[in-house]
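These protein sequences, in sequence, are chains S and P.
Numbering follows my numbering, in which position 37 of the first sequence is assigned residue number 37; successive positions increment by one, without gaps.
Numbering follows my numbering, in which position 670 of the second sequence is assigned residue number 956; successive positions increment by one, without gaps.
These are calculated hints, taken from the structure and not from any lab test.
Just so you know, nobody snuck in bad clues.
What the simulated footprint calls covered on chain S by chain P, stretch by stretch (three residues with Cβ under 8 Å from a Cβ of chain P suffice, anywhere in the stretch; the number is not a length): (1) 70 to 82; (2) 96 to 106; (3) 109 to 122.
Cβ coordinates follow ideal geometry from the N, Cα and C atoms, glycine included.
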Amino acid sequence: MGLAAVCARVLHVYEIEGSRVMALSGVDLTIHSGEMVALVGPSGSGKSTLIALLAGLMRPSAGRITVGAYDIGRLSDAELSRLRGTEIGVVLQGSARNLLPYVSLYRNVWLAQRRAAATQGIELYDPEEILDLVGLHGLGRAKPGRLTAGQRQRAALAVGIAASPGLLLVDEPTSQLDAAGRADVLAALRAVNTKRDTTIVAVTHDVDFGSELGRVVTIRDGRVGAEGRDGQDFAVLAADGTVQLPPEVVEGLGPGALFLVDHDKFTVRLRPESGEEPDDDDQEES
Amino acid sequence: MIPIVVVQIAARWGQAAALLILSAAATASAVAVPLFAAAVDQASTAAEVAESPRSELLVSLPALRAGAGQPAGDDDAVPTGPAAEPEDLAAMDQARAELMALAPVTTVEIRVQRSASEAPVVQRLLARDGFCVHTVFVQGRCPVGNREVAVPAGLVDEAGVAAGDTVSFVPVIQNDSGGWEPDGPPASFAVVGVVEPADPSDPYWYPQEPFGGEVYPAAFLTNRNALQTLPHGHSTYHVDAILPPDALTPDAVPALRAQLAAAQRRLAEVRGDTAELSTGLPQLLERVATHRDDARALLPVAATPLVVVTYLVLYLAVRQGLAGRRPELAAVALRSPPRGIRAVVFAAESLLPIVAGIAVGVVAAPTLIDLVSPAGSARAALGIQELITGGVAGVGALLVVLVALRRELSASVVQLLRRLPRSGRAVVATGEALVVGLAAAVAADLVMSDGELTGVMVAAPAIVMLATALLVTRAARVILRAAGRRAKRRGRLGPGVAALYLVRRPGTIVVMVVLAVSAGTLGYAAASVDVAAQGRADEVRRELGSARVLDIERAGRTELLTAVREADPTGKYAMAAVVAPAAAGDPPMLAVDSTRLGEVALWSDEYGELDADEVARLLRPPPPREPLTVLDGELTAEFTPGPYTDDGAVTAALLLVPPAGDAVVAGFEPITAGRQRYQVAVDGCAAGCRLGGLVFIRVVAADVVLHDVTLHSLHQAGRPVIPDDRLVAEAWHGSEESEQFTQPVTAETTADGLRVSIRGEQPEDGYVLRPLDVPYPLPAVATADIADAAGAAGRVGSLDVRPAAEPGADGMVVPGIDGRAVRIDVRSTVAALPGIGVRGTLIDLEYAIRSASWPGPATAPQVWLTADAPAEVLDRLRETGLAIDDVRTLEGVRSVAESTGSALALRFHLLATGVVVLVALGALASVVAVDRRTWRPGLRSLRVQGASRRTATSMACWLYGTIVATSVVAGLVAAGVAWLVTGARLPLGVDEALLAAWPEWYRVAEPLAWLTLVLLVAAATGAWTVAGERPRGRPGSRRGTEGELQEVES
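Produce the complete structure using the sequences and hints provided.
Structure representation (structure tokens):
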């Protein structure tokens, strides 16, 4: 059963060489059970930070994150650790950061199942089955170093889902992969999502890949800037009432431009202070 | 989990092998301490046994006389007193039984005369248990049957017998007049063999000397049954207990001492306190125990730096291994395996090689010790102590690994994902502060409380070196940081980058500390070896006294002095020396021909402010009076006896000492009442004899205990032999009085001559009044404790020394070279004396001879020779008739000194230091290996950006060059500080007075220079390895990946 995840006004600040940097400045995001969500956005926008917070690797500076029934911010380190060993699968960027290079794929998956194996009530699949699921049939005895980049990435996915988690967090799964490799990874993610009903959140720079996942959430400047669904791009109204305009609008008007907001039941209209009465085509709808 | 751990180790076998080797090195070095100590025990004990006089290798019980009646005469070999009773025999047997570790040997002796001989010589017939096993038969066989004897080969000519002959013996016993009378009927014996000792130095032959020796002539040998077939009234039982060759080990010393004490106790219970075991074994046991203690005191001190350095490198190796494994550890942590599995994946790869290394170290240590063992072919074997020591060292290694792993074992995923761990400055600073604090406490304890390097304090040198190395490298970091910034500002990329890289990498700092401690250990070991070598050399020089010492077999004192002066008339090469007899443990007094002291003796500045010539001048001031001389011819003396002296009760004689040969005694007729003239003809003084003394002999035992005789004159051919101005009491001296010695003869000036009083028990050679023709009390130079005792009543050894009882008489009374009391005047104090040591007295031999009562044999006569003494001197010495018993050289004595426990332990110090250096080189190599992985990509980037190869190589050269330079300087400082604090407490087994405060600088500089050279070569190799290759591959291929978590932290 997939786990839902909810981020409410999540802020995260970290320090680099004495300077405080706001990585996330109020993220509101709801991910439903069984969804496949792609987090996209420019470098430094906070995508990886958000996924690390969802994984419980870090704690938010403010706001609330819930995964299933768990309030991530309130869990102890031990509880978070148990959660990552059972209900949240994490695949970090770069397969080398997920796999033991000198151990076979089978042993990698087997090792990732140990926490779940020690926890009552969790049904575990045979590592070979898991490898089959991600398209690595018959490669259980192979070591990561002998695989292609795409195979390694799928092996990392296999390790991520070894404990049959409800939520799978994947960071840049198609990085440095060719088209075939990207397709294989996508197929593996879909298989995991459909056959295991696992909720999947993937961070990616690859917009096309993101689109294939169905729901694309754009993170800009530490906030959820937009969301694409079924081929359409939407602006997202944050809990504090803020909306991020598309970049081309911001670029056209310039920062600091003033608007008048007109709205009725179905329409919200932003009218520049110095501009003329807009045509109907210029209306923004939400 | 086992397959995962196995592939982990297989994947990084090099690192595992390094950990195994380091663990094995730490364990083996610890196990080596008791093993090497055992080897030292064996070697030093074997050397001691080989060098020991035979008297130290056996115990002789008092001889027992069996038979009825008390034999008369003064035969020294026959014990006096009543014959042994059954309880005596039982006590003797019990005493012998107490000496369980020694092999008992009984000898039954009877005195016999050859009945067929015209001039029968009294000989000994000995039945010594098992003597056939210890002999070689030149002719015939072992006398096993009744009435069979063997004859020593050396006795064949004298006895006129050979194998196959028959000899007839008559048992004899000495009678009251000193003659011999039959003690049984004659009996014939068949001579069945002619024998020689299989090993003349075998202690088995020492006590009764059946083949002839210093005390006894050769004797016939037989068995006990054969003796029973020779009817005899008296026999003597000699019971000896001989130390078997392998029985003496340092561990056996307490048991042997206990056995000796028990045997002595048993003996005293029945025979009284005067019955004593005759043995030198306690002295041998003392030396063996000293070697053992010295070695055991030094070995841990030598091993500790090796263990410390190995632990440091072990820590470094594990940390460096972890640095490469952090992504992998993060991957494991990310899956949140159970704690046990996580610990196994994290630590087993390091711990298993350590455990294997412990086993390897324990097992390999005996083999390694065998390779370097001073004990020759003896094999080292593991025992409980070795296993415990190895276990402790192994547990230490495991703890070091766990400490190195501690951060990773508990780190979060995010912490593990950081490429570099947090610096942990607080932990490091705390650790360093602890080490420095501990070193300060150790130093304070050693300096303020005069502590010793025992127990946990054996680690003191290592701790002080480690603390000093830490402080110096910390200071160096500050300097290097500033220098790096300055170099960067000036555009000097090489030194700038190298310095900053160096100060920022904790692993490099640890390597600097390791190298510094290694260099320090080398310097410290070199200092120890040099100071000990200097001390031993001084000790050897002091013990021997000159470059060569000839031990003379037998010689009279005057004969020795004259012979040496004749053999070397120049006085540049040879000097006569005589040791005054002294009880065991008493400080010796050495009489030397001080006219040659400055030329012949090896003098040392350590002895004091006086040099040899100044000492000679003190010992031999001008004589107060000329010797009184007598020639051949008639002498006339006038004596008047005292009122209580009966006619003929006392006789007078003149003791005349010719320049060479035996003394001449010219005896007058017994003295009768009234002033009478007495005449005597002197013969043997054609060349002039020195008047050695006036001898008075009490002829008749009488109730009167005091006699006095006045000497009015002594003339020869009208010439006064004794001028009137010498007929005064001040010009004569009787004998000294002390607790040990009475004063039986004194002189008093009267109006008409010199009145001589004699009293008390008559000395063996009569009452002697000596003319004072030498300074008296005898000038002496003594070591401090003797000199202190001279100023006030006190004890020196067994001597109760006290100042002169008479007002105005200075000095102290000690046994002179003739064993009789002599008064000495300590003119100066020295720290030590050649041929004597730190306790003893030096006097002039000629003055000592002239102040002795009678001429006589010298005790331990010696001739000291210089190193360049010509062979002719030796030839001339032999021509004078001196028989040279032994030649001792500096080299010979030094080789014995090299077998002492501490000297052998210092070898281990050097070996351990060699291993320390190798481990340190391994540490440097490991840093290079890490730099190859981590630094080279950066250098490649610089090359691609335009930096020349020379610049890249310059950086690496500066980096490793700085590491080496800083480490060697820090090591030198560390060695200096450690030596300052602990050097004086180091148990080097040499008399402290002879130990220099500091080593010769070049003795330390030389090995450090070699080490520096080796390190520089290693550094240059490392620099080439890291920076010497052409850039290949895409620069920055290992650049940080976008989205990495390493800098993300709230």
